[in-house]
Amino acid sequence: MKIEVKDLSVYYGPDHVLKNVSVSIKKQTVTALIGPSGCGKSTFLRCFNRMNDLIDNARIEGEIKIDNLDIYSPSVNVNELRKTIGMVFQKPNPFPKTIFENVAFGLRVNGEKNKKVIEEKVEKSLHQAALWNEVKDKLKKSALALSGGQQQRLCIARALAVEPSILLMDEPASALDPISTVKIEELIYQLKEKYTILIVTHNMQQASRTSDKTAFFYMGDLIEFEDTRTMFTNPKKEKTQNYITGRFG
Amino acid sequence: MKAKKIRRRLRRFKNFRKYELQDKIFQYVGLACTLFGIGILFVLLADVLMKGLTRVDWDFLMDLPSRKAERAGIYTAWIGTLWIMVSTAVIAFPVGVGAGLYLEEYGKRNKLANFVEINIANLAGVPSIIYGLLGLELFARALSLGGSILTGALTLSLLILPIIIVSTREALKSVPYTIREASYGLGATKWQTIWYQVLPASVSGIITGAILAISRAIGETAPLIVIGALSYVPFAASGVMDSFTVLPIQIFNWISRPQEEFAVNAAAAIIVMLSITFLMNGIAVFFRYRAQKKIKW
Chain W
-18 MKIEVKDLSV YYGPDHVLKN VSVSIKKQTV TALIGPSGCG KSTFLRCFNR MNDLIDNARI
42 EGEIKIDNLD IYSPSVNVNE LRKTIGMVFQ KPNPFPKTIF ENVAFGLRVN GEKNKKVIEE
102 KVEKSLHQAA LWNEVKDKLK KSALALSGGQ QQRLCIARAL AVEPSILLMD EPASALDPIS
162 TVKIEELIYQ LKEKYTILIV THNMQQASRT SDKTAFFYMG DLIEFEDTRT MFTNPKKEKT
222 QNYITGRFG
Chain A
4 MKAKKIRRRL RRFKNFRKYE LQDKIFQYVG LACTLFGIGI LFVLLADVLM KGLTRVDWDF
64 LMDLPSRKAE RAGIYTAWIG TLWIMVSTAV IAFPVGVGAG LYLEEYGKRN KLANFVEINI
124 ANLAGVPSII YGLLGLELFA RALSLGGSIL TGALTLSLLI LPIIIVSTRE ALKSVPYTIR
184 EASYGLGATK WQTIWYQVLP ASVSGIITGA ILAISRAIGE TAPLIVIGAL SYVPFAASGV
244 MDSFTVLPIQ IFNWISRPQE EFAVNAAAAI IVMLSITFLM NGIAVFFRYR AQKKIKW
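In order, the protein sequences belong to chains W and A. Under our numbering, the first residue of the first sequence is numbered -18, with each subsequent residue one higher. Under our numbering, the first residue of the second sequence is numbered 4, with each subsequent residue one higher.
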């Protein structure tokens, strides 16, 4: 599996927020998207599961091909697409339901009715998100009673339950304390074996710790796309160097 | 130089005392305002209770109206109120919630939507007697439903629709966008998102608004008098096409009679009606409390 992005542009009304971005992402890698606020990295991330479709005045040009399928072609069912591309948001956003129902929801909207299958998949997803041991005795409790870090891992479990192939993470650890952040990072490291992960982050250390490739965005342009190690030790562009050394942004 | 500074400080200190006094005064004025409303309510309640409490008994509830005050009961009136309440709820709830859902979740933001919105807000402020006239012309005459329960319920539904629509929208708005995003992100359709996530998270608020609206409807008198609800109905209503009376009309009727005994009857009927209103509001408070306890965003 492979993701090919070609000449991708996004407009919000008259604003050209993402400009002719082309990249190619290999499967089972972690790609970090970095750049100052408002640079278009979150917009870029949200192109992959077509979350930008929900914004009234957003317009998208160019193409994204996943396994040679153009996800913006009219024949693509956007709901089916989102089932294969999971997303974890910046702020933990569990549903105001039980822990079990949070993870089961994706399966239910998928049409899964078999109780046994749902139970198995919920347990498996919670294991994958390294949350099972903490919540196995309180699956029927409200998810809102969990701590922030637990809620975010629950959201990851929820995304994993529908067995996506790509996982999009929009600053998944920015609202969490350092210990929870470490847990999420370890999780990303493990999930890499099975999933292709794109992660937006403001944390340079996090990008360098977790990712294989890094993309640096600035004012809607993709400035540099490089192996993470190369980018953090020997960036080609001056802007990249200034940003990762903290001189602006 | 130094003395000047100190003097300036002292002056500021004096000012400070002045503000403190202002604060105190405002505090007491506010307290007086609060107590004024509650005080009057209590005086009213005490008066009504003293006059009517002994009159409220099983017979009073089950007796038909009569020219003799001691034999008159409110059976037809509370049955009428119950009919009106249930039929109004049956009509207004689905229509109001449906309209609120559409406006909040599906309606596009354009000029027409703004126009509709402003008008709904305005409708909530239209005097109820105007609705009565509309009901008389449209339901009672044009659709020849007469002074029936159906006419009354339809008229009161129009009256409380704006309230239900607005409160439904508020309840839906209080569900954070992040919840919808999470649902869409899992591949849920718009309908699934609304049905499984947004509605369950806002149902307490929607029901609270609807109950308060309906408890307002059962207190309405003017529009029902206009559409031709009668103050004297010999038999309790048994269907939506029957003529009817309701508690407020019965109370109004008794109050306007010269005999002291009827005033006692009126007080007793007020107690019954207030009990119904308080019960409804109590249920609304319960739902709100439950929502707050269960869901903390």
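One or more hints might be untrue.
Claimed, not checked - Residues from chain W that keep clear of chain A, each with C-beta distances beyond 10 Å, as calculated:
(1) 74
(2) 105
(3) 215
Claimed, not checked - Derived DSS-like pairs: lysine-lysine, alpha-carbon spacing no greater than 27 Å straight-line:
(4) 218(W) to 175(W)
(5) 94(W) to 176(A)
(6) 8(W) to 122(W)
(7) 176(A) to 96(W)
(8) 176(A) to 46(W)
(9) 114(A) to 102(W)
(10) 122(W) to 5(A)
(11) 72(W) to 54(A)
Said to hold, decoys possible - Which bits of chain W does chain A cover? Going by a derived footprint, with three or more residues having C-beta under 8 Å, they are:
(12) 28 to 37
(13) 80 to 92
(14) 135 to 146
(15) 166 to 175
Read the hints as simulated data drawn from the structure, not as lab findings. We treat Cβ as the ideally placed atom computed from N, Cα and C, and that holds for glycine.
How the hints compare with the structure:
1. 74: violated (4 Å)
2. 105: holds (16 Å)
3. 215: Per Cβ check, residue 215(W) is outside 10 Å of chain A; nearest 36 Å; holds.
4. 218(W) to 175(W): Outside the cut-off at roughly 32 Å; violated.
5. 94(W) to 176(A): violated (31 Å)
6. 8(W) to 122(W): Violated, at about 36 Å.
7. 176(A) to 96(W): violated (33 Å)
8. 176(A) to 46(W): violated (36 Å)
9. 114(A) to 102(W): The hint is violated at about 47 Å.
10. 122(W) to 5(A): violated (67 Å)
11. 72(W) to 54(A): violated (59 Å)
12. 28 to 37: It holds: at least three residues are needed, and the stretch 28 to 37 of chain W offers 4 whose Cβ sits within less than 8 Å of chain A.
13. 80 to 92: holds (count 5)
14. 135 to 146: With 4 residues in contact (Cβ-Cβ under 8 Å with chain A), the coverage given for the stretch 135 to 146 of chain W holds.
15. 166 to 175: Violated, because only 0 residues of the stretch 166 to 175 of chain W bring their Cβ atoms closer than 8 Å to Cβ atoms of chain A.
The structure does not agree with the numbered hints 1, 4, 5, 6, 7, 8, 9, 10, 11 and 15 stated previously, though it agrees with the rest.
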